[in-house]
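Keeping the supplied structure of chain A fixed, place chains B, C and D with the ligands upon it in accordance with the hints.
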Amino acid sequence: MNLFDFSNGKEGYYGQYGGVFLPEILQATVNELLECFRQCKSDPTFWAEFVELMQNYSGRPTPITHMANLSAHLGGAQIYVKREDLNHTGSHKINNVIGQGLLCKRLGKSRVIAETGAGQHGFATATMAAKFGLDCTIYMGAVDVARQRPNVFWMENMGAQVVAVQDGQKTLKDAINEAMRDWVTNMADTHYVLGTACGPHPFPEMVSWFQSIVGQEARAQMLEQTGRLPDRIYACVGGGSNAMGIFQGFFDDDVELIGCEAGGHGAGSSLHAARLAYNDASVGIAQGFKTYFLQNDQGNMNETHSIAAGLDYIGINPILAYLWEQDKVRFLAATDDEVREALKLTMRTEGLIPALETTHAFAKAIEEAPSMGKDEIILINQSGRADKDIFTVAEALDDNKWKEFIKTKAAQYQQERQ
Amino acid sequence: MNLFDFSNGKEGYYGQYGGVFLPEILQATVNELLECFRQCKSDPTFWAEFVELMQNYSGRPTPITHMANLSAHLGGAQIYVKREDLNHTGSHKINNVIGQGLLCKRLGKSRVIAETGAGQHGFATATMAAKFGLDCTIYMGAVDVARQRPNVFWMENMGAQVVAVQDGQKTLKDAINEAMRDWVTNMADTHYVLGTACGPHPFPEMVSWFQSIVGQEARAQMLEQTGRLPDRIYACVGGGSNAMGIFQGFFDDDVELIGCEAGGHGAGSSLHAARLAYNDASVGIAQGFKTYFLQNDQGNMNETHSIAAGLDYIGINPILAYLWEQDKVRFLAATDDEVREALKLTMRTEGLIPALETTHAFAKAIEEAPSMGKDEIILINQSGRADKDIFTVAEALDDNKWKEFIKTKAAQYQQERQ
Amino acid sequence: MGLQSYIEQRKADKSLLVMAHVVCGYPSFEANMAELEIMAEAGVDLVELQFPFSEPSADGPLFVRANEMSLQNGTTVNDCFEFMAAVTARFPFKVLMMGYYNTVFKLGEEQFLRRLKAAGGVGYILPDLPIEEAGSLHALSAELGLEPIILMTPTNSDERLAQLAAAARGFVYVVARKGVTGSKTQMGDDVAALVARCRAHTDLPLGVGFGISDRSDMEYLRGHADMAIVGTAALRAWEQGGAEQLRQFFSDLVAA
Amino acid sequence: MGLQSYIEQRKADKSLLVMAHVVCGYPSFEANMAELEIMAEAGVDLVELQFPFSEPSADGPLFVRANEMSLQNGTTVNDCFEFMAAVTARFPFKVLMMGYYNTVFKLGEEQFLRRLKAAGGVGYILPDLPIEEAGSLHALSAELGLEPIILMTPTNSDERLAQLAAAARGFVYVVARKGVTGSKTQMGDDVAALVARCRAHTDLPLGVGFGISDRSDMEYLRGHADMAIVGTAALRAWEQGGAEQLRQFFSDLVAA
Ligand SMILES: Cc1ncc(COP(=O)(O)O)c(C=O)c1O
Ligand SMILES: Cc1ncc(COP(=O)(O)O)c(C=O)c1O
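Residue numbers (full-length UniProt numbering), protein chains in the order written: chain A, 1 to 418; chain B, 1 to 418; chain C, 1 to 256; chain D, 1 to 256.
If you are wondering where the hints come from, they were derived from the structure by calculation, not from laboratory data.
Warning: the hint list may mix true and false statements.
The calculated lysine-lysine pairs, modelled on BS3-like cross-linking and capped at a C-alpha distance of 27 Å, are [said to hold, decoys possible]: (1) B:Lys170 x D:Lys184; (2) B:Lys403 x A:Lys407; (3) A:Lys403 x B:Lys170; (4) B:Lys403 x A:Lys170.
For reference, chain A alone in the conformation it holds in the complex:
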């Protein structure tokens, strides 16, 4: 299956999804990007440089870990986990970011911008910018800046400028809009490092390409470690980059692929971000591309909700929308409550702390594993770790000792000032 062969159809389209819907002013920039990307993709030295940097800087290949305890506890399939959490900066986001950093150098641009919601992508981009000596501005919804101060702290300390976006819901999608506004102004020296496999072509393809390193490794590792391929692969889906990353290793195999979206308060609640697993989304065009969006009948985007900021997005990767339509990827949603329980179970049985985003994939694997055979194999993509995001987790688990600690700290800081 070659999703990226556009010779028979429309460039940048996957079925009816994808495309480029951008202001004319960006036409040249996006073309330049596409051309550069095509060159990189057909130049084996580019990929080799990318892989080497990922190895030496980010610690790739990330391992596959067998969850012997969790599997035994559930009594069904054997669960394995691809450990993207072990990457430098703590998630798969760095794969894309380093790739785009290399590309940015080929483009001869000296500045990068990025949007961020949970902060993972902004953190990764600020890190890459420090490493590559690029100027860096990160757009982040004001609500997220307030929620995710730890990530802002690190970004600023790595030399990035973090701009709190005051428009709209003041969250991820608004940060994307604002990054676009910067880009249409500064495209001459600025590359926009989009954080997920969404947005206008070539971003979905490009981000998926950089993330494909995950699936490539995972396939070889599964064969080496278990002598066979997994029966099912679970990945959480915000924009879809980590899912595309791991799924790509297995498109030509007889492996069931499951995308796990943010079920929030559940189907019918409207407080969720499940574009495909629930029935609330419809096809539309926004933020530069065509896909399923959570929008009203006027074409205006809905407020979404998830316990995991990184899944809390209105749209979905157009490639996954297409694959879902073709029944090549199954979609499920995990509710906030399911995620809480899955996180606790995973920490306790395996000593892993998946990011709340990631835990959506764990939750669905945990739900389905018991009804599978003991000789069947599940692979989960652990897209990130949560140890950096303690506020998020402690609040998600409503931990009182944590809250008391914060009050004590606040009092201490208050006193210091006096």
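Chains B, C and D with the ligands only, in chain A's frame:
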């Protein structure tokens, strides 16, 4: 150089340092441990299992990263960093902990205890215990519990019981005493997972052995990546485990080894934890072994200080004390101020966030690199990352936005309750 | 009469036409009507009525907020068409729909065009719909006699300008500079050169927009372009001083 | 007269001797003296004077705190020796130094022993000094006629007990159970069996300690051991009710 050949001298001694100074009640337990350790050390399948687990669970081998920007900025030696921060749980501590976990299983014990100061070792031990299905109690000074709530939060969520120790200075050394008290009571089913290469024999040897994986990898990687060995290696020294870990790869080479201690407020201030770099320590016996301690003329231990909790310890690894005496390892101390500056520089130029402990090694490398030749090579052991310990770093850097954020959070939590 | 002829006709009496902009439903449709009244008084030639969208990524801060507030007020696409019908019935200037493609897409292209036509609009500006994606909409528009306004920008190559020219109808919207709407554009050689490049590719009238804010801009454009497109500056005047300041703004602007 | 003979002599009149414990300088040396007065009245046979140490890892919570407070009060090794001299001059019971090896090491082994001797002490208990590390200290002690008290514990093998017995002088301190000082030990078959194992390896008198807290413990030990070693229980009595409660505690304890 085989430091661990005791056939000609006293078992467990390195020069005059080391030994076993424990209550008689532990004699059998320590002997059992020593015997089991000897078996493991002479059984190649044990090391193979250890290495495999470290690969599959913790992501080893950790890479070596070239700090091209930092090196250029300093204008002297080329600086390379061994990335122990990329380990699962974020530091080299996991090497030792997984090793002792495997050993604990051989001992047939079902419970582990550990002391922790900064929380890194407790975090790693709780993780290992979850993974190995062991009961787990972590002793932590009450002052540290209050300071390091994030780590306590994770430990508890991984199923460990965290005991706040109310004795003494309520910090690391008091936690060790309390862990000892647990051990003399529960040795039948309990293994004491000491966190650093200190304490009674065989701990210094055993912890050093597990950590030697760092130096083994690093030596091969340096040869592969640079075609030669480094001229100098810098490692921070709290108890000495990460330093022993990397140094062991190079004992037979012409490589200068530099241990970096906590200089706190500087020489002569008495607010530091530099046992060898400054002149304040003397030989003594405490916490089960003989080494240099920061103690008064009565043999009672001094209060120590460091910006980095993990270096804030009264004693030092007996092997390093011996090697220092033999002029085989040079010792320096980095002050709190030097550490702050080095951390900022490293984040900005390389996108790395070394733990405050680790940053002591960066600080001294940064100080000495400019006077070295451009063809000379420095290797720093990045023993850990700080992204998990934001309170520590934000407070160290006295970040006002952070403090305001905490006050806002506290107010929010307060309101929720009402 | 087509838009192009309308513009050419008006140009017979005026050296520089003016197109103004209103965000439907912000601050309210009543206020919109009052603004349009002032614009009509000032002799504005063309008006874009922006249909608010939740993701106005090509707009600057003032319009972003206007889109947002309008949606918060509950403005629907239906409201906008009804308003447009009232406006075209009342005023002499011609009216364009301005907005984002999702509004069109959700309604259905044909439905959208029919309603636009029914409301008296003569065309539309959809800044996020590139010509590559506009095939069916443009074809339908031609059938219905509606005109897609195409933007030419400083980053376009000659080759691209030629493609854009081929698709353009009515007039060409020349984007005076990079960026989003709202901030001031320094009128000067750059703008003149851009207009000249566009002129080389099309015989359609040229409207210049983005950052036109005062009489000196108008003076500069006279002779270079056919029409000045005024957006943010007018909204700012309204926000700062209501009807009075808006009236002042336009009378300053159009005073020859 | 050596410690062994002293104990044997006292045992002629008593079925079970008592060794008591005081942490020097906690709560104060004056208080220590008052405690010892009460102990002497109660006919205590032997007293350990604990020299406070900053890392008392073999002690239970009460003694840990006592060590800590004493050091906070500024207690020095010198103070402890002076106090010991005063105690040995005043009371009939014999006195041992109890503490951690670092205190000895820092002073120097020989210097330590000379001062101990000069202060009238007859020996010492150093729970963190295993016999393997005690060679030089024990040799010097023999020269000076001072006696190292060796601990035998429930975890020791017979082989180990034999080694310990070879080093033991004066009496053997039988550690009744695992753990640190302070919590209650259930007297029963385990203790009896342990004492019997120790007895099989040595002819020295056997003192049993760790958790001895009341008359029933004493009753149980009578016939099994030569001496009961009372530590935490006495300190707890003092902390709870001062001189009066301590007097009560000892009179209850020793009432036959
Ligand atoms: C750890 C982690 N996983 C997953 C996601 C979701 O993004 P995507 O669907 O692009 O993988 C995020 C986004 O922030 C993330 O931080
Ligand atoms: C990251 C890190 N580095 C270094 C140390 C110091 O320990 P050691 O000297 O045993 O390596 C610690 C201790 O907590 C640590 O957390």
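Each hint tested on the structure:
no., hint, result
1, B:Lys170 x D:Lys184, "holds, 26 Å"
2, B:Lys403 x A:Lys407, "holds, 11 Å"
3, A:Lys403 x B:Lys170, "holds, 23 Å"
4, B:Lys403 x A:Lys170, "holds, 23 Å"
The structure agrees with every numbered hint stated previously.
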